[in-house]
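J.: Here the sequence shown is numbered in this note's numbering, starting from 8 and rising by one per residue.
Among the clues, some could well be false.
Across the chosen pairs, the derived CB separations fall in these ranges [claimed, not checked]:
| hint | residue 1 | residue 2 | range |
| --- | --- | --- | --- |
| 1 | SER259 | LEU188 | 45 to 51 Å |
| 2 | PRO129 | GLN225 | 36 to 42 Å |
| 3 | GLN225 | ASP290 | 35 to 41 Å |
| 4 | GLN241 | GLY286 | 28 to 34 Å |
Keeping only pairs whose Cα atoms sit at most 27 Å apart, straight-line, the calculated DSSO-like set for lysine-lysine is [to be verified]:
| hint | residue 1 | residue 2 |
| --- | --- | --- |
| 5 | LYS88 | LYS190 |
| 6 | LYS221 | LYS174 |
| 7 | LYS88 | LYS216 |
| 8 | LYS88 | LYS174 |
| 9 | LYS221 | LYS190 |
| 10 | LYS174 | LYS190 |
| 11 | LYS216 | LYS190 |
| 12 | LYS88 | LYS221 |
The hints are simulated quantities; they were obtained by calculation from the structure and are not laboratory data. Where is the CB? At the ideal position from N, CA and C, for every residue including glycine.
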Amino acid sequence: MIGGVTAPRLMLLDSASLYFRAYFGVPDTLRSPQGEPVNAVRGLLDFIARLVHDHRPDQLVACMDADWRPQWRVDLIPSYKTHRVAEAATDGEEEVPDTLAPQVPVIEQVLDALGIARIGSPGYEADDVIGTLTARATGPVQIVTGDRDLFQLVDDARAITVLYPVKGMGNLQATDDALLLEKYGVRGAQYADLAALRGDPSDGLPGVKGIGEKTAAQLIHEYCDLSGIRAAAQDIGSGLTPARRRNLLEASAYLDVAPTVVRVATDAPVPDFDPALPGEPLDPMTLESLAARWGLGTSLERVLEALSAR
8 MIGGVTAPRL MLLDSASLYF RAYFGVPDTL RSPQGEPVNA VRGLLDFIAR LVHDHRPDQL
68 VACMDADWRP QWRVDLIPSY KTHRVAEAAT DGEEEVPDTL APQVPVIEQV LDALGIARIG
128 SPGYEADDVI GTLTARATGP VQIVTGDRDL FQLVDDARAI TVLYPVKGMG NLQATDDALL
188 LEKYGVRGAQ YADLAALRGD PSDGLPGVKG IGEKTAAQLI HEYCDLSGIR AAAQDIGSGL
248 TPARRRNLLE ASAYLDVAPT VVRVATDAPV PDFDPALPGE PLDPMTLESL AARWGLGTSL
308 ERVLEALSAR
């Protein structure tokens with residue numbers, strides 16, 4: 008509460024993470040009247056309806072990937088997300104299933120017609136938009152994502168939690184510092200250091216040889232953070248084993264840049280926008296047209312019911 012006014016509760020959606028999850032979790036037998044798959048569109052709408060109904064945010068922002076593989080990250084670690092680049096692509100585009108790609112513009116049009124803020128930032132990923140909006144928030148923040156990298160934003164002192172789908176959107180893990188300590192041995196503020204040490208093959212991050220998740224957490228517990236661990240590697244009397252010291256020193260070039268790549272940006276340029284969750288559609292006529300064209304049916308009805316019930 009600031010000056011007697013309760014700060015708004017902000018919910019941030021990692022949109023691509025959620026519509027990919029919807030695409031693979033909802034049968035592609037859900038089709039438009041013309042026969043096109045709309046499983047990602049309807050699945051995402053069902054997710055949003057449930058989130059609004061269950062958590063009652065005051066503000067909701069669909070954060071988008073304006074650049075899913077920013078050049079500034081690739082310049083630092085060339086292997087960053089390399090395996091996700093479509094083999095046949097010549098323009099560095101991310102590989103997206105053939106029947107998902109046409110649904111993304113429909114998702115964007117529906118969100119716009121509903122009046123749900125949809126924000127990206129040129130040269131930045133959705134994670135960076137989430138990091139920036141979280142840094143600016145004055146009240147509680149719930150981040151909805153299937154990406155563990157965003158655990159780094161968890162902060163009990165600021166009431167920042169990550170809602171992480173365990174088995175679909177019906178089973179969301181409310182991730183706070185206590186849960187991170189229990190599962191990974193680190194708090195949110197330490198998670199990026201753990202991720203840098205451990206590496207992540209799915210993101211093309213090699214990590215440090217011989218250091219997995221448990222060892223990374225142990226080292227952070229002993230030496231506080233990545234800087235402390237690297238200082239210990241330089242100190243022959245630090246207690247590190249010779250092999251671990253050698254591996255850390257050999258990974259020096261990687262560790263020089265990994266934190267910048269792994270940590271989400273908190274200063275991405277975002278446009279001015281209204282994050283308030285609408286009580287009714289911004290553009291009812293367009294929404295009605297989209298609903299008829301794509302056969303959005305009960306999925307859209309559930310979103311409208313959740314919005315009007317706030």
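J.: Could you work out which earlier hints the structure fails to respect and list their numbers in ascending sequence?
T.: 1, 3 and 4
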